[in-house]
Structures are given as C-alpha cells and as structure tokens.
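S.K.: Each protein sequence line maps, in turn, to chains A and B.
Just so you know, we're using my numbering here: the first sequence kicks off at 1 and counts up by one.
Just so you know, we're using my numbering here: the second sequence kicks off at 1 and counts up by one.
FYI, nobody ran anything at the bench for these hints, they're computed from the structure.
One thing to keep in mind: the hints can contain errors.
Claimed, not checked - One-sided excerpt, in silico: chain A residues whose CB lies under 8 Å from chain B:
#1 P31
#2 Q48
#3 L58
#4 V91
#5 S165
#6 L181
#7 N183
#8 A282
Claimed, not checked - Ranges of calculated distance between the beta carbons of each label pair, as one might list FRET restraints:
#9 L151(A) with T45(B): 58 to 66 Å
#10 Q47(A) with T415(B): 33 to 41 Å
#11 L22(A) with T77(B): 35 to 43 Å
#12 L19(B) with T209(A): 13 to 21 Å
#13 A549(B) with R60(A): 51 to 59 Å
#14 A522(B) with I143(A): 48 to 56 Å
C-beta atoms are modelled at their ideal positions from N, C-alpha and C, and glycine is treated no differently.
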Amino acid sequence: MGRYIAKRALTSIITFFAVLVLTFILFRLLPGNPVLLLFRNPQLTQQQIAQLSAQFGLNRPLYEQFILFIVNVFRGNLGLSFYYRAPVTQVLFPALLNSIILILPSTILAILIGVGLGVISGWKRNTLTDMAVLSSSLVLYAIPTFWLGILLIMLAVRIGGIPVSGMLSIGVSFTSPTQYLGNLLRHLLLPMITLTLVTLGQFSIIMRTSVINELTEDYVVAAYAKGMSESRLIRKHVVPNALLPTVSIIAISIGTVVAGAVLTETVFSWPGVGTLIYDSIARRDYPVLQGAFLIVALSVIISNFIADLVYAYLDPRVKYS
Amino acid sequence: MDEKNTPYIYIAVFAVAFLVALAAYSPTVRSQTSSSTFIIGYGGTPFDTFNPFTTYTVVSTMSTLDVYDYLVRYNSTFSPVVPDLAYKWEVFPNNSAAEFWLVRNATWSDGVPVTAQDVIYSFEVANNSASRLQPQVSIITSIQAPNNYTVIFHYHPTVLFMAYTAAAVPIVPEHVWIKYVPNPSNSTALTDYQDYPLVSSGPFEVTNYVQGQYIELTANPNYFYVSMRPHIQHIIVQFFKDTNSMVEALEAGQIDAVAPTILPSQVKTLEGYPNIRVVVEPGEEFWYIAVNVYPYGHGNPTLKDIHVRQALAHAINYTELAQVVWQGYATPAGGLLPVGNKFYDPNLTPYQFNLTLANQILNDAGYKMGPNGVRVSPSGIPLSYTLYVINEAPEEVEAANIIAGWWSEIGVKATVDAVDAGTLASIIWPNFTQDFDLWDWFTSPALPTLLDVFLSNQTETGTSDSGYNNSAYDALYGQMITATNYTTVYKDAYELQQMLYQDLPYIMLYYVKSIEAYNSQAFTGYFDNMTGGPFSDVNWYTFIDLQPASSPQSSSTTVQQSSSTSSVSTQSSSSSSPQASSSSTSSAPSPSTTSSGAISTPLIAGVVVLVVIVVLVVVALSLRRRPTT
C-alpha cells in the first residue's frame, strides 16, 4: 500500500513538472508582444516601450525567464500581472474563490442528478422513461450555454425579482449575514441552474451505460434468481459497481472546478476565473495565465491522485504494486 | 452503519458547509439609502488600475474623472477653460510659460491641504518613462512654486499647452504617493503602484473596489467648489462581461444606465420601455483599412502604387456599409479625425463609390484583367491580397467580407482572415508582412494628436500599421504641435488630414456613434450633448449633475460650462471662479476607504478546502458498500 502511494505520488510530481514546462512554453508560442498589445498608444516612445519590456522581464532570453519563473513558483511568487500591474495572487485568488462558489455546488448537483437519472435510465432501459432521460440528457449536453443563459435571463426579467448578473446587489445595504447570504443565493440561482443543466448530461449518459453493463453480469442474474427484490438489487449491487467508472470522471470534474466556466461566467457577469483566463489570453498576460494553469493543473493532478487511491481502495482488482 | 439515510446526511453536511463558507465570505455590512445610489453598467474593456499615470482603460479614466482634480478642465466643446484646482491662470504672451493660482481651501480626503508641491510632484510623476502622459509633459522645461498656492510652468513654445498638458495631468497627493514612488522618475515603482486605497481631492471619492465586480464612488461633502458638490450620494460602476445581459439588467431596473456603448440591435428592445432613454452622440472610435505602404515592408508591392489604392477606395460603398454593419449608427468617414473631434475636417467627404471609375483607374495604370478574374500588374504581380481583420469584432469581419465582394468586381482578390490583436500585431511589426488590416482607433475629442500615428518614427513603436513615410508630413506635424496660435493648429491639422486623404495609407471606413441608455425616470441631470455621450471618459459633468428624479432641489445649480469665454484666446484666459466654500477648511478629515472587503482569505480558503475534503469523503464512503465477491 505504501509503495503504491509513493509510486502514484511520484507520477503526480512528474506530471506537475511537465505541466510547469508546458504552461511556460505554450503561452510564449502565441504570437504577439504583450507590451505592444496592452499599450496600443500612439503617444508611446520607443524608449518607453523598451522600458516597459525591461520591467516585465520580456527583454531577457527565454531560458532566463524560465528559470526565474520556476524559482519564483517555489517561493510562492507568481509574478506581476501585466494588465492589472498587481501581483498575480491578488488578481487570481478572488476570482478563483468566486468560481468555486458557483461551480462546486453546480458540479455536485449535476453529479447527483446526473447519476440518479443515469441509474433510472439504465434500469428501465428501452422504456419510455429511458428514452425521455436519454434524449433530454443529450439535448442538455448539446445545448449552447450562452443560449440557455440568455433564455433564463429573459424569463427571469419577465418574472421579476431575480437578479440576472453579478454576485451581489451592489449598493444595497445588508443589515445581517443572513440577508447577505439570501442575496448571494438569489444571484447564484440562474448561473447555477444553467451550469448544472449543461453539465449533468455527461454524468447520466455514462452512468446509464455502466448500469446496463452491470445488469448483464452473471452475479446480477444469480441474485435475481435467488429472489432478491429489483430495487434492492439495483441499490446494493448494481449502483456501487456501476459507479466505479464514474469515479474518474467525477475526479476530473472536481479538479476542474477551479478552472472556471467561461461561458456561464460571461453570460451572468460572474467575476470568476474562467473569464479571467479568457481575457488574459487575449492580452497575453503570461503571469496570470501561468498562475491560473498551474492551479488548475495542480488541482486536477491532486484530485486524480486521490481518485487513484479511492479507486484502489474500492476495487480489489487494482493491485497495490 | 445505517445505510439508508447516510447519503442524505452527507448532502446535508455538504450544504451546511457550503453555506458556512459563503457566510465566511461575507463583506462588510454598511448602511446607505439606495435611492441616492446610481448604478451604471459598464461592458467595455475591463478595469486595470486606479493609477492615473499607468492606466490604459477607458473605465478607469471614466470612473475617476471626478475623483482626481486637474489644474483646469475642458468644457463641453473641449476648450480648457473651466477652473478646477487653479481658479485663475495666465498664459504669457510668448506662449512658453503659464502661471496658475490655486484655490486655498482644497483638501485631500485625509484632511491634508492641497498645495503647489502636490502639483509639481504630479507633473514630475507624469514625466516618468512608465507614464502614459509623458509625451504630453515632455514639452515642460521647468516648474516653479513661488509660494504654496502659485505654480509657474516654462515650456517649449506651443499654444496647445493648456489643452494638451495642463488639462491632462491629474493632481495626486505627494504626501501619500511619496511612500510608494519616492523618486518620481523611478519607473518600476510607478508601475507597481496601484493607487488603492485612493486619497483624492475631487467631488467624489473612491470608497470601494471589488475586482471584477464594481467600483463605488461616494460624494465628497467638503468639496471646495460648493456649486460642484454632487447631488447624489453614491455612484457604482458595475462591470459586465456581456452587453446582452447588461441591457436586460437595465430593463429589469437592476441598473440605471449602460456604457460605454451598446449594439444597434439592442436599441430596438429598449425602445419598448418608456422609462429608458437612448442617447446617440458622436463617438470617439473609428474603423479603417490600413494599407501597407511601408517602403521597407514585405506586403504585396502593388499597394505602393497610389492608383491601386485610389481604385480600392472608390470600390467601397461607405454609406451602405455603415447601414448594413452598424444599422446607421455610424457615419461614413472622410478625414482621419472623427465627427466629434474638435479638429474634424468637414470638407473631406468619403470617396465616391464608383466601380466604373475604379476599373478605369486600374485600366489606365496598366493593370490588365487576368484569366481568373484577377488583375495583374504591368510587372506580372496579381492583385491578390489578404485582408486581416480583428476577430473580436464580429460585425467588422462581416464588413471585411462585404468589401472583398466589391473589390472582386474590379478584379481585386482579397482573402479575409480574422485574427486576434496579438496575432495581427506580430504580423505587422516589425516586418510589415501584411497587405491590409481592418482595425480601429479611439481618440480624444479634444486633440489632433492621433495624427502622430503616421509619423515615420511610429513604425518602430508598433502604432503605425500602414508604415506611412513622408518627411513633408513629419515636418508639418512638428509645426502643428509647436504652433503659437490656434489658427495655425487648425490649418495644419486640416492639411495633415488632406495629405492622408490623398495618399491613402488608410482607407477610412466610418466613425462609430456612441449609443448609451439610461433610466430617465429615476434620475435626472444627465449631460448628454458631448462627444462620447453622457458616460464617456471625457464627460465629467454627468456624475456631478445627476440627481434622483424626486429630489426637491430640482432647480439646483448645475455645472454646465462655468465659463466659456474666449476659448481660443491665448492671452490670460483667467476665468471667473465658482464660489469657493469657506466651511470646508475646518471640516474633519473624512476617512476614505475604510477597511472594506474584510474578507479573510486564509479563512475562506480553509473552509473551501474543508468542503472539498467532506465531498471526497462522502464519495469514498458511499462507494465503499460494494458486494463481496
């Protein structure tokens, strides 16, 4: 067991280093000089541009920039954002937190509903219920987030009273934490519904397939023959086994919670990390991009590492070696 | 283990943990009346920094127009004649020196008086190499303060000093800034300083800023010009990522106005709301096609032939283009500077759309039609080009395709390629490998200085995308910015625009109008009649004039042009000062920017990590009940 964990941990660390190198190289492959882009100002002089480049360290050779980047990462210093002229941590972490507030509950809700629907669909396969679940899952999976978001906004405007943008009613006084919480939850409503709807499809489709697979196993037939009730059979035997393949997907989903949801965040002006990453690509804001991708990669690696351990623990067929 | 209920317990645990995490995120609780809060949605380029010397975004300038004071301000026709920190000034007859007398009762928001030392420091910081204002203050040779309330500037002779320099530099508090930028010429220190929390002297103070969400301004009750004290307690600039949802929020009454501009298609939906007024004013933006005429460039060499450029300019229907792409909310362009600019030349009209004439020009110049419908130059080079267009503006990609259609009718093949700004920049600079780029500029309505984009030395700084190289143009530009009377400035600005019009380094497409909308029933006092509309980065009137519609003081003194006398006169244009307050000096210092956003990051991070762990444990435990094989 100890050896297994050590081996997995080593793989994770190697992956992390590979990501470190890739994030550095990838963004610099994008054409375009951030200084010229940020300051498309006819008044700037040649000397000023050279000065700005020097200040952002863009005039140094690439290998020097890379060494500096690695050293700084281990010091916990992610550098200075070109666009905001502020430390990356200061730019990134509030956005990260806002994203987690939106995406974590939406993802969990999507997993719960999606897995539940998948079980029902697989269980009642080839019935009207199955068709309904499967087709609505496919439709939700394929629906453009933007369109669904705007549709919900229009609906909310007609109903009235539901905030359509931002995280809080700005300029309104909050007299108590509960009032504040209520306001935040009301703002959370539409983006959360949107995000949950567009992500639950993948869980239900995978769960359905995996339940159907389990139902054809011999042990299920045997248990059924012994007189076990259908609902108990599903609950006790089929679902736990069918969940195994879903674990990896859940792990990846939890890992990417910090990556933000660009489209949902954009439609509802949610100040999350998805839109921050998107904007930073357009501005060639390398430090913010590096910081963001580092954190996304790190959380995917960690949650996969945990998933590996959970998997080994759940499935006796996985050998600890 | 009671297996039946466990999943529900886990879900409940998660829900509670989530709510606790949210509550931990709770910001400061403050009280205010929402009726005196004006919320403006902003859907343009996101905010960058409060530092007025290093910001490059419109939203930063717009939000702080009434936060910083200047020596003087522009009036609504962009003459620098409105007194601000200087209640009186005099430009010396040789146009190379000016003296300013400062008000004596101005204080910073921390209670410290505003003095001549602050002015000198601000102009020194503006001259920092990292400052965007450096070119504007580089004409200054010396600044002196004979006493605490008088400042004298000496500069290279020009009549533009007042408009170009004096009205452009915000005055910042030396006693605060000196801690962060002790040496005004240290560029690293200036770049790193974000100027927040912000100590200011203007009619409004910045009292809160939450990244990615909003800026909150609060009225300064002690502002030194009583007549310019705001009628509204709070102004909130809320950032939007998507203009569609911003317009929906205006319809739903969740915000009071939208800026910097909305799309023509959104105007229609707003017309159904009686309480919403849409304001259309000349804008600060224009779109053009830059032609690669750089003598050392690597684009298609046929574009260096003026006949080709003339033919191309005649093969665009500017009126139809503005109608189709902007549904009439754009004006077909002639000269470089747009309609709302002070130096707009009304004599330059768009090139006439005439395909016969365009074909004629190419025939006469020896460009013969090739077998595949593409003309070939006398030296055998086909008129086949790539037309790059910025992909962030989908409507301009449409415009590029329409233009390519017209050009194909005169035997010119243009392949439209939509790229992002970074890619386009790397194609153009430094090697000029492009043929055309369809792009836009924003320009201050007060100045003709955008004409410097065509100076020969601008090819290296990454602003000249045409590579125009004309020593006569360079000389005339130099003459314009050192002119000592406005007649010459106007004459030269027109002449420079005529040179561009004839030489066609740019094929000008259209000037885009600014479309803004606001709730006209809840608030009054919007100052509409200005280039850029009521909420531009030059309109400092609106925020001061705004008041709730039900306000009893409907006949209060509004700050319109407080003195518009002799806008062109150069000699001692001292103006009547608005009555200064005598009560403000004794007032207690208002603590600006209290510790708002008291969110303890480690705490939230801890709670969030906890929540994640709980979730993982839930998953692990609920999966554990596997059948034994």
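S.K.: Look at each hint and say if it fits the structure.
M.R.: Going through the hints against the structure:
Proximity of P31(A) to chain B holds as hinted, the smallest CB-CB distance being about 4 Å (cut-off 8 Å). Here the hint on Q48(A) is kept, as its CB sits about 5 Å from the closest CB of chain B, short of 8 Å. Taken as an interface hint, L58(A) does not check out: its beta carbon lies about 13 Å from the nearest beta carbon of chain B, beyond 8 Å. With a least beta-carbon distance of about 7 Å to chain B, the hint placing V91(A) at the interface is held under the 8 Å criterion.
Interface restraint check for S165(A): the shortest CB-CB distance to chain B comes to about 5 Å, inside 8 Å, so the restraint holds. Because the closest C-beta pair between L181(A) and chain B is about 6 Å apart, less than 8 Å, the hint holds. Interface hint at N183(A): violated, since its Cβ lies 11 Å from the closest Cβ of chain B, which is beyond the 8 Å cut-off. Contact between A282(A) and chain B, as hinted, is supported at the beta carbon level, the nearest pair being about 6 Å apart and thus within 8 Å.
For the hinted restraint 58 to 66 Å between L151(A) and T45(B), the CB-CB distance of approximately 27 Å leaves it violated. At roughly 38 Å, the beta-carbon separation of Q47(A) and T415(B) lies within the given 33 to 41 Å, and the hint holds. For L22(A) paired with T77(B), a C-beta distance near 55 Å fails the hint of 35 to 43 Å. At about 35 Å, the CB distance of L19(B) to T209(A) disagrees with the hint of 13 to 21 Å.
In this structure the supplied range 51 to 59 Å holds for A549(B) paired with R60(A), their Cβ-Cβ distance being about 58 Å. Remark: the range hint 48 to 56 Å for A522(B) to I143(A) is contradicted by a beta-carbon distance near 36 Å.
Violation of the numbered hints given earlier is confined to hints 3, 7, 9, 11, 12, 14; the remaining hints are satisfied by the structure.
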